[in-house]
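Respectively, the protein sequence lines represent chains F and D.
Whatever position you read off the first sequence (first residue = 1), add 761 for our numbering.
Whatever position you read off the second sequence (first residue = 1), add 91 for our numbering.
There's no promise every hint is true.
Pairs of lysine-lysine residues, derived as DSSO-like cross-links and limited to a Cα-Cα distance of at most 30 Å, are as follows [claimed, not checked]:
#1 F/K874 x D/K168
#2 D/K346 x D/K385
#3 F/K882 x D/K183
#4 D/K683 x F/K924
#5 F/K991 x F/K963
#6 D/K183 x F/K874
#7 F/K984 x D/K683
Worth flagging that the hints you see were computed from the coordinates, not collected in a lab.
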Amino acid sequence: MVKIIIDDKTFEAPEGTTILQAARSVGINIPTLCFNEELTPAGACRVCVVEVLGPERAELASACNTPVYDGMVVATASPAAAAARRTSIEMLLAQSPHSRQISSLAASCAAEKQEFELEAKECILCQLCVRACREAIGVEAITLVTQGPGRREPAHVEVDWDKCIACASCAYICPTEAITAEDAGDVRTISITRYRNEFKMKACSACGALYAPEKQIQFMAEKSGLEMEKFELCMDCRP
Amino acid sequence: MKSNLYNSWRGKAAVSGELEGKPVKAVIGWKGIDIRSGELSVADVCRAYMQEVSELACGECSVGYNGTRLLAGLLDKLCQGQGNALEILHMKALVANVKYNSKCDFCALSVQPVLDALENLETEFTKVAAGQKPVKPGNYDIRTGAPCTMACPARQDVPGYIELIRNHRYEQALDIIKKNNCLPGITGRTCVAFCEQNCVRGEVDEPISIRALKRLPADCATAEPKKPAAGTGRKVAVIGAGPAGLACASSLSGKGYNVTVFDEQPSAGGMTFAGIPPYRLPREIIEADAAAIKASAGFKAGRRVSLAEVAKQGFEAVFIATGAHQSRPPGIDNWNEAYAGLMQGVKFLSRVNRGEKPEVGKSVIVVGGGNTAIDCARTAIRLGADEATIVYRRSRSEMPARYDEVAAAEAEGVKIIFLALPSRIVNEGNRVTGVECIRMELGEPDESGRRRPVPVKGSEFMIGADMVLPAIGEVPDISFINQADGIELTSWGSIKVDDSLATSRKGVFAGGDCTSGPASIVEAIAAGNRAAGSIDRFLGAQPDSSEPGAEIYRELVMDKTRCEPTSIRRRRVHPDEVPVEGRLAGMDEVEKVYTPAQATLEAERCLRCYRVVLTAL
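For reference, chain F alone in the conformation it holds in the complex (with noise of 0.2 Å):
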């Protein structure tokens, strides 16, 4: 155990805990965009940055993903965190003006709409997407491509449609309207930024109800070891 003091609380937390589950474990809320209990932490966001006052020196740091030490002091809403973490919701707001989750977001930190020179183009890059298919589902259709020397085509995310298997978890967790699914007669549309492909849904045996994507139950049957007449019938229908 570490002993740790956040906005004035002295306590104690595992060693290795983020700054986040340490608030978190003593009710003091820090906002948070990118961040899912059930994925690693990104620290793409930048919107749950607070200051670590010390001992050793002030400095800014993302509460998700870094490891609190014995002593240290962090304040989640200094006037450099709450600053900071304006300005970043302030840009994804530019990049992705119709997501509720940002403008609310927005509205709770007094971020205001700014006239930032962005694209409006709704990928904010959080990688919610990309960690949900890659660690929940575990079929990583979804992968970031960064920028880099040689490699100047502008960050985005990249789709291979082969390994998707149209469960649509990633149009769940996306706080923006980047990616989407919609279902209309026996065919679920997928369509993630640029990237669109059609899903043919499968009909329950007995009800005719259609009731997944084909190819999200046969990566069940994989997955599972069971064969694929266990999966005939619609959760109403089974016995």
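Mind docking chain D on chain F? Use the hints.
The following block gives chain D in isolation, referenced to the frame of chain F:
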């Protein structure tokens, strides 16, 4: 006109007064901005620099990626005469935000010189905004390097492949690695990792585990098969299929040459095969790395060739890369290899590594402090020795062996006696019973910078042993060269070469351990790459005119000091290992490959120290 001369560069003067014959009017980079000429537009220098930075920002954090893009955009607008004073304030706020709230060092440090300029040369910007100063775009030279890359003899793009590994893009990572390292499986396991010694993260807590990270794409990805280059049909011979020879062959066949590799051993790999035991480097890994090269180059193995013989076969150029396989004399008084239990360490390893089972004593003494010594001891224990003791004449901190190899050996029960030198073999008939050693103490530093060991008079002591394996270094074996070949040698018996690795005979090049003496695998690879470039030019190719590297700023870029220290530590993630009790029964590989999750966690520690240097000419 001299009013804007200003220098905020932190540390040593960045760049000399001239670049490629032209006077340098300004330098801007991660450590500051140095304006040397009054005729420059500071705003435009900042604009060009931020444009480059914004194109290299990875995109893994919103503040760095968006912030640098916004800054580049605002500076561009200003320079096009559409800016205003409010936006200058806005830029200052943005720079501060990027500096303090980016996820890694790249954007955070890159914006520093723009902040310097905005704060100290503000009128340069306000005048442009007010239309009082026209902006003339300058002539800019932009180069990017990284401390790890510059420390690597082969100049691997370390931050690049670490970033791709972090994002599970293993094929692309492997492509980047293979650009100048044709042996990713071998180096992913055994590289001495000069990059890790120069990793900026090491200044914060521990260096990134770069070598182990490299192994993951090497093990799990398949490189895009190279499209065969339009064949030039011209024939080049490579003598020696070790790292240097393979690198040269790989590079030249990639350029369309018809390459034949000769080696006296049946298998490729050179010293990596002969000298490194399978528990560190499984044979199939060497074969897999070599197979990728054999796919496009001929391979004539299993017979020793002479230079004269090769020269007769119509090759237009020859690269000699025969390594350093001859052991140095052990320097022990009554050394006699006719005694049972006395064998040169390299010979012992080479026999074991080629599948023989030499008889191993119960009590083995290894002499030396390098990786060969460590490997001899660990191998002896695996082959049934009750105890293996390393005797080294200096202390632990001077050991040339990699510290993790030393730690692994000790965990496996190898003992190390420091500050001692074997001086005499004790024998009964032709059977060894022990070694007499003398205690050493450290004196003045020698030419290697390490303190010279000096014998302590009258301190002789005895260690019982039935096997002694000296591993104190190797020298090139150049017996395949005749005087008639016209190849000049150095005074200590290596092949003499110039900067381009050309020997004294026209069309014959040499590199790797046969010119440098025993060095690392990655240095040999670098020599092979370099020789390939020289041979290509020798045979008429134009010098490579692709993106200019940051080579001219090597020292500058290698500087590890960080402008912004941090208190936040993240310890290294170590790859799993076979526990000691499971290791000693055989030669199976000890270290496991990172799982993708472990690799991502470790790669997250990378500070991404790409350094952009822009000079205005």
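To see whether the hints hold, each was checked on the structure:
{"no.": "1", "hint": "F/K874 x D/K168", "in the structure": "holds, 20 Å"}
{"no.": "2", "hint": "D/K346 x D/K385", "in the structure": "holds, 15 Å"}
{"no.": "3", "hint": "F/K882 x D/K183", "in the structure": "holds, 26 Å"}
{"no.": "4", "hint": "D/K683 x F/K924", "in the structure": "holds, 27 Å"}
{"no.": "5", "hint": "F/K991 x F/K963", "in the structure": "holds, 13 Å"}
{"no.": "6", "hint": "D/K183 x F/K874", "in the structure": "holds, 19 Å"}
{"no.": "7", "hint": "F/K984 x D/K683", "in the structure": "holds, 26 Å"}
Against the hints set out earlier in the document, no violation occurs for any number.
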